[in-house]
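Mind docking chain B on chain A? Use the hints.
Residue numbers (the numbering used here), protein chains in the order written: chain A, 1 to 271; chain B, 1 to 264.
If you're looking for bench data, these hints aren't it; they were derived computationally from the structure. Here a beta-carbon is modelled for each residue, glycine too, at the ideal position from N, C-alpha and C. Each hint should be verified, as a subset may be incorrect.
[To be verified] Examples of chain B residues lying across from chain A (beta carbon under 8 Å, computed):
#	residue
1	GLY138
2	VAL173
3	LEU242
4	LEU244
5	VAL249
6	PHE251
[Claimed, not checked] Simulated coverage check for chain A against chain B, where a stretch passes if three residues somewhere in it have a Cβ under 8 Å from a Cβ of chain B:
#	stretch
7	43-51
8	128-140
9	153-166
10	215-225
11	247-254
[As the list claims (entries may be wrong)] Cβ-to-Cβ under 10 Å is the rule here; a few derived chain A residues that face chain B:
#	residue
12	TRP36
13	LEU40
14	GLU170
15	TYR193
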Amino acid sequence: MPIEMNSQEKIWKHRDRKTQLTHWALWFFGTALFVWCWQLVSEKTEWFFVLDAPAIAADIGSRMVPPRWEYIDKLWVPLWDTLNIATLGTLLALVLAVPVAFLAARNTSPSPTLLRPIALLVIVSSRSINSLIWSLLLVSILGPGVLAGIIAIALRSIGFVAKLLYEAIEEIDENQVEAIKATGASRSQVIAYGIVPQILPTFVGVSVFRWDINIRESTVLGLVGAGGIGLQLQASLNILAWPQVTLILLMIFLTVLFSEWLSAKARHAII
Amino acid sequence: MSTPRTWRPKPFIENPKLRWSITIGTLLYMLLALGSVEVNWMRVYEGLDRGLKFVAAFAQPNFTGRWTDISEGLAESLVMTVVSTVIGIIVSIPIALGASRNLAPLPVYLFCRSIITISRTFQEVIIAILFVAIFGFGPFAGVLTISFATIGFLAKLLAEAIENIDPSQAEAVRSTGSRWWQWLNYGIQPQVMPRLIGLSLYRLDINFRESAVVGLVGAGGIGATLNTAFDRYEFDTAAAILILIIGIVMFAEYSSSAIRKRVQ
Numbered sequence: 001m002p003i004e005m006n007s008q009e010k011i012w013k014h015r016d017r018k019t020q021l022t023h024w025a026l027w028f029f030g031t032a033l034f035v036w037c038w039q040l041v042s043e044k045t046e047w048f049f050v051l052d053a054p055a056i057a058a059d060i061g062s063r064m065v066p067p068r069w070e071y072i073d074k075l076w077v078p079l080w081d082t083l084n085i086a087t088l089g090t091l092l093a094l095v096l097a098v099p100v101a102f103l104a105a106r107n108t109s110p111s112p113t114l115l116r117p118i119a120l121l122v123i124v125s126s127r128s129i130n131s132l133i134w135s136l137l138l139v140s141i142l143g144p145g146v147l148a149g150i151i152a153i154a155l156r157s158i159g160f161v162a163k164l165l166y167e168a169i170e171e172i173d174e175n176q177v178e179a180i181k182a183t184g185a186s187r188s189q190v191i192a193y194g195i196v197p198q199i200l201p202t203f204v205g206v207s208v209f210r211w212d213i214n215i216r217e218s219t220v221l222g223l224v225g226a227g228g229i230g231l232q233l234q235a236s237l238n239i240l241a242w243p244q245v246t247l248i249l250l251m252i253f254l255t256v257l258f259s260e261w262l263s264a265k266a267r268h269a270i271i
Numbered sequence: 001m002s003t004p005r006t007w008r009p010k011p012f013i014e015n016p017k018l019r020w021s022i023t024i025g026t027l028l029y030m031l032l033a034l035g036s037v038e039v040n041w042m043r044v045y046e047g048l049d050r051g052l053k054f055v056a057a058f059a060q061p062n063f064t065g066r067w068t069d070i071s072e073g074l075a076e077s078l079v080m081t082v083v084s085t086v087i088g089i090i091v092s093i094p095i096a097l098g099a100s101r102n103l104a105p106l107p108v109y110l111f112c113r114s115i116i117t118i119s120r121t122f123q124e125v126i127i128a129i130l131f132v133a134i135f136g137f138g139p140f141a142g143v144l145t146i147s148f149a150t151i152g153f154l155a156k157l158l159a160e161a162i163e164n165i166d167p168s169q170a171e172a173v174r175s176t177g178s179r180w181w182q183w184l185n186y187g188i189q190p191q192v193m194p195r196l197i198g199l200s201l202y203r204l205d206i207n208f209r210e211s212a213v214v215g216l217v218g219a220g221g222i223g224a225t226l227n228t229a230f231d232r233y234e235f236d237t238a239a240a241i242l243i244l245i246i247g248i249v250m251f252a253e254y255s256s257s258a259i260r261k262r263v264q
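Bound conformation, chain A alone:
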């Protein structure tokens, strides 16, 4: 605790002079950066529209209620597609992520100098790019449809699953691996009986967690043509059918709540 002497009295200070100055400088530059950035955003904004926003929001709001309940007949198939995109995409990602994770983990990678950096690059690229961008790319390559959505979800999920999995592999208890090795087990047997049982709970937990995220993400992939309920959303928005939009948003809300409930249940059962 820094103490300053003032003639004969001791004065207690929260921070010493140097930390105080650093804090002040950080706040100063942070605030300046924010104000500067805000100015740039403000320059590109039509403030006339923004001032008008409450009226527009009220207008859209009044058009949105009541939801058009009959439209639900046309939503079951897209919802089923959305569910499939998320589930099949997650499964595909799991299949692809496991080898990547084993290549990326320091203790299992067959070549730490060559293959490990490649695996890490795969993980970081997959994680940096949103599934919507992946589906934009895939729609332009494969054409619109559910398949593009499934692959997009898979490509985005590989990085997430592989990252968490390889961290789990690096944290395993080496004694168990040693014990299996001591029995004369082959390399694949060491992985199957020494490593896999240790990371299985993480693997299942991560899968369920990612599935839950993917349900959320697959609801919007249709906006760029990759199938699912997003297609209906886009179509309804294009013709300004706000009562249908309300119903779609409601269905998305319920689906996401359901998936969250299910994944929480599954995780409790496992861990």
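Same frame as chain A, now just chain B:
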């Protein structure tokens, strides 16, 4: 009875009934799901050509062709990231306080929790569409979208941190006769500050990634440039943009984890 000579690993789910019903259910679902995926194989076959072109474009990305568009888009994304993260943090803090059961009365708690749930349920892009409809095209709608998404993440995790504080420290401050604000500032704030800084930095790089996406629906940032590049089949420009995004995310992730290590 002779002892069995072979050993089998214990099954992951011990109850055989449950195990079999899960296995059969999964198989049934897979059949139904795979059956309902319609694939136009001709279109896929034709697309392979474009796919190879895209992979080739990654080897020769074109940074210069549309450099003005790319640099403007990236600058706008970065600016949006900073503004929306700051606004998101400022708004999240009171909501997090309200969503902590040990601080807030029940009605406030439920209100704040429902804001968090709504923000977490809807994908950023859906919110962006609504905000673009309300506030018009441009980065302002994007900033609002990302700020709103930040609330769901930051307020939830911060509220959890506040609920897990050591109550004896807060009680000690309270017993000195502090007022509510002082109690908050000296009893609770120091305990959750490292967590808040860590989460904010983490959110900063998530927000950059998001800012690259909201442009697809007209809310500003690099997304619009990327969308145009794909629409024109200019895969070399698209590859350049993706490489830049990956590079910035890697840099942000590396530096934020370095800072977090120092703070926590």
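So, going through the hints one by one against the coordinates:
no.	hint	in the structure
1	GLY138	holds (5 Å)
2	VAL173	violated (14 Å)
3	LEU242	holds (6 Å)
4	LEU244	violated (10 Å)
5	VAL249	holds (4 Å)
6	PHE251	violated (11 Å)
7	43-51	holds (count 5)
8	128-140	holds (count 8)
9	153-166	violated (count 0)
10	215-225	holds (count 6)
11	247-254	holds (count 3)
12	TRP36	holds (8 Å)
13	LEU40	holds (5 Å)
14	GLU170	violated (16 Å)
15	TYR193	holds (7 Å)
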